[in-house]
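Following the hints, position chain B against chain A.
Here is what each chain is made of, one letter per residue.
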Amino acid sequence: MIGIDDPFVLIAYFGIVAATLASLFYGLARRNAARDEITNEDRQWALEEKKVDDEL
Amino acid sequence: MAGNPSVGWIDILVILAYLLATGYLGWLGYRGTRSAADFLVGGRSAHPIIMAVSYGATFISTAAIVGFGGVAGLFGMSLLWLTFLNIAVGILIAFTLFGEPTRRLGHHLGAHTFPEFLGLRYQSRAIQIFAGALIFLFMPLYSAAVMTGGSIFAATQFGIDFEVALLIFAVITAAYVIPGGLKAVMYTDTFQGFVMALAMIFLLVFTYSSLGGITEGHRYLTDMADMVPGPLKAMGHEGWTAMPAFGWGDKSYDLWWIVITSIILGVGIGVLAQPQLVVRFMTVRSRRELDRAVPIGAVFIMLMTGTPFLVGSLSNAWFAQNGPILHGKVVQVIDAEKDRALVELMKQNDAGDWEPVISAKTQSPAKAALIVTEHSQARDASGQDFELVGGRSTAVTYVQGDADRIIPAFISAALPHWFGVIFFLALLAAAMSTISSQFHTIGTAAGRDLYERIGDKGQSREPSLLVMRTAIVLGLLIAVTISYTVRQEYVVARFTAIFFGLCAASFLPAYIGGLFSRRVTRVGALASMVVGMGVSLFWLLLVKSKEAAAIGLVQLVTGGKTSILADHPNWPSVDPIIVALPAAALTLMLVSAFTTPPDAEHLRRCFPEKKR
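One line per chain: the protein sequences are A and B, in this order. Using the working numbering, read the first sequence as starting at 1 and increasing by one per residue. Using the working numbering, read the second sequence as starting at 1 and increasing by one per residue.
Note that these hints are calculated values from the structure, not bench results. All C-beta atoms, glycine included, are put in the ideal place defined by N, C-alpha and C. Watch out, some of these pointers could steer you wrong.
EDC-like mimics (lysine to aspartate or glutamate), calculated; alpha carbons at most 20 angstroms apart, straight line [what the hints assert, rightly or not]: (1) A/Lys51 with B/Glu452; (2) B/Lys233 with A/Asp6; (3) B/Lys561 with B/Asp353; (4) B/Lys546 with B/Asp223; (5) B/Lys233 with A/Asp5; (6) B/Lys361 with B/Glu489; (7) A/Lys50 with B/Glu452.
Computed from the model, here is a short list of chain A residues facing chain B with C-beta under 7 angstroms [claimed, not checked]: (8) Ile4; (9) Phe8; (10) Arg31.
Isolated chain A (complex conformation) (with noise of 0.2 angstroms):
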C-alpha cells in the first residue's frame, strides 16, 4: 500500500494521521467543555512568574 510494504512502518504512517485527527476531535469535542476561570490563586502565581522572569 502506498508504496510501502513494511506493515509497521505503514502502521506508524497512517498512525501519524490518525493521532492527529483524534487530537482534531479531542479539542473539538471539548473546546468548550472545561471550566475557564482564573482564580486568585493563578493571579498570584502569575505575578510571581513575571518577577522570576524579571530576575533573568
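Same frame as chain A, now just chain B:
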C-alpha cells in the same frame, strides 16, 4: 556537498521581510503582553494557536529537523514511530493527562521551575537541589545538539566551514540569551512557528512531487533496499521503507535496538519529563486552554517532525534520481537488470588519471552502490586501462555517511536558494526559541534551585542575578565546546536522546507519582531519582558502546573493549532508558511502600480538589 554561497536580491528581500515581521511582532509584544504569564496576569486568554505553537516551538528545534531528519535519511522511515509518539504522547497524553494536574499543583504550591515543583511537592530541599544540579550539568548537552544542527545547516547552505558557522551561531545565541532575550515573546514564537510550518508543507509537497507522487516516491525508495550501505546492512538495515531486522543475540539486530530504544523511546517518552516543557503547563490559564491547544499542537508536531523524517528518507530516492554523477570501478554487480552495482569510487587527478577516493573513516578506497548510467574506458594512476562507470547513489553516499548533513545537503541541492534562506531563518528561529528556554531553565536551575536552596546553615538565600547570568554564560561555553569537539555519527540526535532519556529515567516516576499518587514518599521519590540517574550514567559510561567508547572509561576498565557487555550482542546497543526507567519506577514503589507516608495536611494543600 556545499551549497551555492551567493546571496541574490531575492534572498536579501526574503531576509529583510522576515526580520521586519519578527521585529514588528517583537516590538508589539514588548509594548504589552509578551509572555504566557502576562496573559494570565492580565486575566486574558492566549489564543490556543499561540499557546500550542509557542509550546511546539520550544520543543522543536534544529535537533528534531536536522538531527532526527538526518537519522531518518540514514535509517529510514522506522523513525515515523517517533512522530507518532511525539503526537500521541508529547501532545495528546501530555496535554490531556499531565497538563491540568501540573498546572493546578504548580499553582497550589507556588512552583516556578521543575525542580522547585518536585521539591515543594515532596517537601524536600534535597530533591530540588538534585534535580537542579542534573539540569544544570546535562542541559548543555541538549543545547549543543541544537547548536550543532543549526551550524551544520548554515555551513552547507552558505558554503562556509562548520567552525565558522558554529562561531556565528554561538555569538547570535550569546547576544540573544545573555542580555535578557530569554522571555518567550509568544507572538514572535508563533510567527516563526507559522513560517516553519509553511516551509515544512512546501518541503513535503516539493519532495513528493519531484519524485512523481506519494506512492511513486515510496515505491522507488522501497526498490532501493539493495542499495543500503554494507555496514548498515550488517546491523539489520532492510531498506528505507522497512523496519530494521528484529531479534536478539546477534549483531545483525543492533539497528533495531538503536532505533527503537534510543531514538524512538528515549525521545518519545522523555518528552513527558522535559523540565522546560513541564513548566509551560503552569503558564496556561485553564483546562479549557489546554484542551483547545491539543489539535493545533498535534498538527504542528506532525508537520515539524513527520516532514523531516519523510523527507530525510526520501532524499535517498531524490539523490538516486537527480544527484551529481559519481564515477568508479565496478566491484560487484548488485542487479544487472536495474544497472545497479557496488562501485569503488574514483576521481581524476591533476594528470587526468583516475585514482580511488579514500574514505576518511576507514582509510581504504570508498565503495558505494550506484545506479549506473554511463560506461567508458579510462586509465588509472598506474597506467592500466579499465572500464569507468558513472551513476548516482543514495543521499547517505553523498554526505559520506554523516547523517547530520543529509537534510542540509538535500535542501541545498534540491530546492531553490531562496527557500534555503527562508528555511535557514525559520530553523534559526526554531533553534533560538528552544535555546532560550534551555538557557532560561539552566539559569533558574542554578539561581533558584541551587544557589538559593544551598544556603548558609540550611537557610535559603536571596536570588542572585549574577549567579543566573554566570550559569547561562557557563552553560553556553560548555555547549559550544561540546559542539566544537564532538563531531561523530548522528551526534545531534544522540545528544538529544541522551538528555531526554536521562530526564525520563530520573524525573518521570517521581513526576507522575507527585501528580497522581498520595502515597509516594519523599524518600521514595529521591531514591527513584538517584537510581534513575545512576543507572543511566552507569549504562552510558560502561555499557552503551557508542557513548562509552567516546568517553573512554570503559576501555580502561575492560582493557580496550567498548562495552563491559561487548561479548553479549545487542546489549551494547540498548539505550539506558530500557533499564533505568523501570529500575527508577520500581524503586519509587518499593521505597515508598516502606517509608512514612506524606503529611496529610501537606497532601490537602497539594490536592484540595480531592476528597479522601
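Hints numbered earlier in the text: which of these fail when held up against the supplied structure?
3, 4
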